[in-house]
Amino acid sequence: MLEKIEKFQVIILSLVLALGLVWSTKIATSTLSKDVIFVTGSSSKTVTSDSGMLEFTIQTRKPTKAAAYAEISNQMPIIKEYLKNKGINDSEIEFKPYNGYNTYRVLDNGRTTNDIAYYNISQNIEIRSNDVNKIKDISTDITNLISKGIDINVYPPMYFYSKLSDEKVKMLEDATADAKDRASAMLKATNNKVGKIQSVNMGVFQITPVDSTSVSDMGISDTTTIEKKITSVANVTFRIK
1 MLEKIEKFQV IILSLVLALG LVWSTKIATS TLSKDVIFVT GSSSKTVTSD SGMLEFTIQT
61 RKPTKAAAYA EISNQMPIIK EYLKNKGIND SEIEFKPYNG YNTYRVLDNG RTTNDIAYYN
121 ISQNIEIRSN DVNKIKDIST DITNLISKGI DINVYPPMYF YSKLSDEKVK MLEDATADAK
181 DRASAMLKAT NNKVGKIQSV NMGVFQITPV DSTSVSDMGI SDTTTIEKKI TSVANVTFRI
241 K
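Taking full-length UniProt numbering as reference, the numbering of the sequence shown is continuous, increasing by one, and the terminal residue is 241.
It should be emphasised that the hints constitute simulated quantities derived from the structure, not laboratory data. Only true hints are included.
For each label pair, taking beta carbons as the anchor points, the in silico distance ranges come out as:
#: 1; residue 1: K241; residue 2: S42; range: 20 to 28 Å
#: 2; residue 1: E94; residue 2: Y118; range: 21 to 29 Å
#: 3; residue 1: D90; residue 2: G110; range: 44 to 52 Å
#: 4; residue 1: S216; residue 2: R111; range: 45 to 53 Å
#: 5; residue 1: N102; residue 2: D217; range: 41 to 49 Å
Cross-link-like lysine-lysine pairs, in silico, DSS-like; alpha carbons within 30 Å at most:
#: 6; residue 1: K45; residue 2: K134
#: 7; residue 1: K136; residue 2: K86
#: 8; residue 1: K229; residue 2: K86
#: 9; residue 1: K148; residue 2: K86
#: 10; residue 1: K148; residue 2: K134
#: 11; residue 1: K96; residue 2: K62
#: 12; residue 1: K170; residue 2: K193
#: 13; residue 1: K80; residue 2: K134
#: 14; residue 1: K134; residue 2: K86
#: 15; residue 1: K180; residue 2: K170
#: 16; residue 1: K196; residue 2: K241
#: 17; residue 1: K136; residue 2: K84
#: 18; residue 1: K229; residue 2: K170
#: 19; residue 1: K62; residue 2: K80
#: 20; residue 1: K168; residue 2: K229
#: 21; residue 1: K45; residue 2: K170
#: 22; residue 1: K96; residue 2: K134
Even glycine gets a Cβ: it sits at the ideal position worked out from N, Cα and C.
The task is simple: from the sequences and hints, build the whole structure.
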């Protein structure tokens, strides 16, 4: 009887050892599959905007609608002549629809009446040009038209770069190469090397002023400066060998 018990214990012990060997092998394989390194690489380039846009508004208010429209109409030739002298062609100018509304007379007690005090009218004018320096010059100079009796509001100019799609492929390639260099530097101390790429995810492009360090998960698209910095990001997972 004792001999049977001992044989049974040996069988159980063998099974336990076998299962342990299988489990340890599974753990070793799982750990090996996780021998990877995740690195973020980046690539930056400074570009010059190749187009610009400036929007401004002229406005007036007169006792009647007819007088307000006449005033704006009289100002148009002055605007056109100014832009022409600045090198802006008619094809680069867009006149937006008029925007007008009544202002009603208010009594001393604060009650608004149905009597029209005056009529307000404004018109937005937009100019676009591939000469960004021309846009910049006009944006800082056009308020001088105030001296000619024109009530004008000027909005900040906007500058654009149209060749971003042409830059993306090369910049992503450079960002991936930068990620590999970073991974190699990190693994050097452990006597490991960078293996094959396991996965690559493209980050958002950041278009910022040259000296800016701002980033956003949604990406930044700066339109305030002529000179811009484009930054591409690649999130890369490498195997370790």
